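Novice: Chain A is already provided as a structure; the job is to place chain B on it using the hints.
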Amino acid sequence: MEEIKYIIESLLLVAEEPLQIDRINNILTGAEKKEIQNALAELSKEYEARKGGFFLREVAGGYQIRTRPEYREWIKRLIQPKTLRLSRAALETLAIIAYKQPIIRSDIEHIRGVNCGGILRMLLERKLIRVLGRKEIPGRPLIYATTKQFLEVFDLKNLKDLPTPEEIETMGEAS
Amino acid sequence: MTPDEDYRVRLEDIFEGPMDLLVHLIKKHEVDIYDIPIALITKQYLEYLEWMKAMNIDVAGDFLVMASTLAHIKSRMLIPAHENENDDEDPRLELVRPLEEYLRMKSAAERLSERDLLGEDTFVRNPSQEDYLLNPEDAVISVGLFELIDAFQKILENITPGGRIEINADTITVRDRIVQIVDIFEARGSVTFNELFSKNADKSEVIVTFLAILEMVRLALVQIVQHTRSGIIRLFYL
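Quick mapping for you: the protein sequence lines, in order, are chains A and B.
My numbering applies: residue 1 is where the first sequence begins, and numbers increase by one.
My numbering applies: residue 1 is where the second sequence begins, and numbers increase by one.
No lab work stands behind these hints: they were computed from the structure.
From a predicted model like this one, the values you see are computed outputs, not experimental measurements.
Even glycine gets a Cβ: it sits at the ideal position worked out from N, Cα and C.
Possibly wrong hints are sitting among the right ones.
Below, a list of computed lysine to any residue pairs in the SDA-like style, where the Cα atoms sit at most 20 Å apart [said to hold, decoys possible]:
id, chain 1, residue 1, chain 2, residue 2
1, A, Lys148, B, Glu114
2, A, Lys157, B, Asp116
3, B, Lys27, A, Arg88
4, A, Lys76, B, Val124
5, B, Lys53, B, His24
6, A, Lys76, B, His227
7, A, Lys76, B, Ser230
8, A, Lys51, B, Asp116
9, A, Lys160, B, Val124
10, A, Lys100, B, Glu110
Which residues of chain B face chain A? A few of them, derived with a C-beta cut under 8 Å, are [claimed, not checked]:
id, residue
11, His72
12, Asp121
13, Arg125
14, Ile172
Only chain A is shown next, with the shape it has when bound in the complex:
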């Protein structure tokens, strides 16, 4: 058990993207999925107990070691990441796609009440959304959905992990 845990830890350290249990399973021939899950849970517990600079996150269907948000300012002194900063309009468009996918542009624009062409292009460029295909209705509009990158960036396990929008009554204070 101990050994599996540290093998997985070494894989996590090297992996370039969130590591899926299936992938770990293929590497660790002979290990039960349950064992892998337990090992991951234990690693996570160890990191929590240690409260060090990083923790284990379950994102985009896999597991990834990430730095704790408390240290973001220090990291930004070391590296200058391409800023993700999305405008409010872009975030709203992205949220609509995330919650309503698959969705066509006219439906997005119907909710927001404004043209979204430029924002869609930018979200596509940043690989936060993708085109799923065309809807077989007049005009054959493109169908949009979010990507794995979206889950990774927003720290989501999967689409079911999306936060539930607040009820309207409490909306007054938000934004």
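Specialist: Quick look at chain B alone, frame taken from chain A:
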């Protein structure tokens, strides 16, 4: 506009779309979205459109569609209920349903932005090479238009204590100034932003210089970078 009036566009009051404006008005008046005082909101909505027009902001067609929807609802509210018994649905529902949906998505966007964002709040072990600048002391970043405008404003403040600019017929053209700047580059290769503005320059000269720099950037004659630590903006001749 009298000279004493400030010409200032208040960005926070510009709305991206009609729904945005509607939400703003509803919040401002703290009204229940299920019981919208339609006459008040319609009136205020139209006032904003006027204000936006006065500020030379393009009022897109979307805003006008919403204005007509509001006016339509308002007129339907005036018809006594018993005259259309078959259709006793509150006409405001036409507005409430999309509003609910919009607010729900706004809240969802808010929630999303509060998460630990990758590349913003949390980081993975292997940042791509281009993100990683080994020696931050020497790091430079390419300057955006806003940094350039900030720098320009600082120079203007130095020469115009009141911060006000008078524009006279120019004594030197932008094209002439570009030629002069190119001469400086030919001699030195690079120059700091501030060096291009002489201490005793008058306002029109400063403006012409700034326009010349912008034009040179547009023509890809220079590259402008800013030192991350000192904030000094330097121009390189390409």
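Novice: Does each hint fit the structure? Answer for all of them.
Specialist: Checked hints:
As the CA atoms of A:Lys148 and B:Glu114 are separated by approximately 19 Å, the hinted pair is consistent with the 20 Å bound. About 13 Å separates the Cα atoms of A:Lys157 and B:Asp116, which keeps this hinted pair within 20 Å; it holds. A distance of roughly 18 Å separates the Cα atoms of B:Lys27 and A:Arg88; the hinted pair therefore holds under the 20 Å criterion. Restraint check for A:Lys76 and B:Val124: the C-alpha separation of about 13 Å stays at or below 20 Å, so the hint holds.
At roughly 18 Å between alpha-carbon atoms, B:Lys53 and B:His24 fall within 20 Å of each other, so this suggested pair holds. With a C-alpha separation of about 16 Å, the suggested pair A:Lys76 and B:His227 falls inside the 20 Å cut-off, and the hint holds. Simply put, A:Lys76 and B:Ser230 have alpha-carbon atoms about 17 Å apart, close enough for the 20 Å limit, and the pair holds. For the suggested pair A:Lys51 and B:Asp116, the alpha carbons sit about 17 Å apart, so the restraint of at most 20 Å is met.
Distance hint between A:Lys160 and B:Val124 is unfulfilled; the C-alpha atoms sit about 23 Å from each other, more than 20 Å. With a C-alpha separation of about 16 Å, the suggested pair A:Lys100 and B:Glu110 falls inside the 20 Å cut-off, and the hint holds. Hint status for B:His72: violated, given a least beta-carbon distance of 16 Å to chain A, over 8 Å. Satisfaction of the interface hint for B:Asp121 is found here, the shortest Cβ-Cβ separation to chain A being roughly 4 Å, below the 8 Å cut-off.
Checking B:Arg125 against chain A: minimum C-beta separation of about 6 Å stays under 8 Å; hint holds. With a least beta-carbon distance of about 38 Å to chain A, the hint placing B:Ile172 at the interface is violated under the 8 Å criterion.
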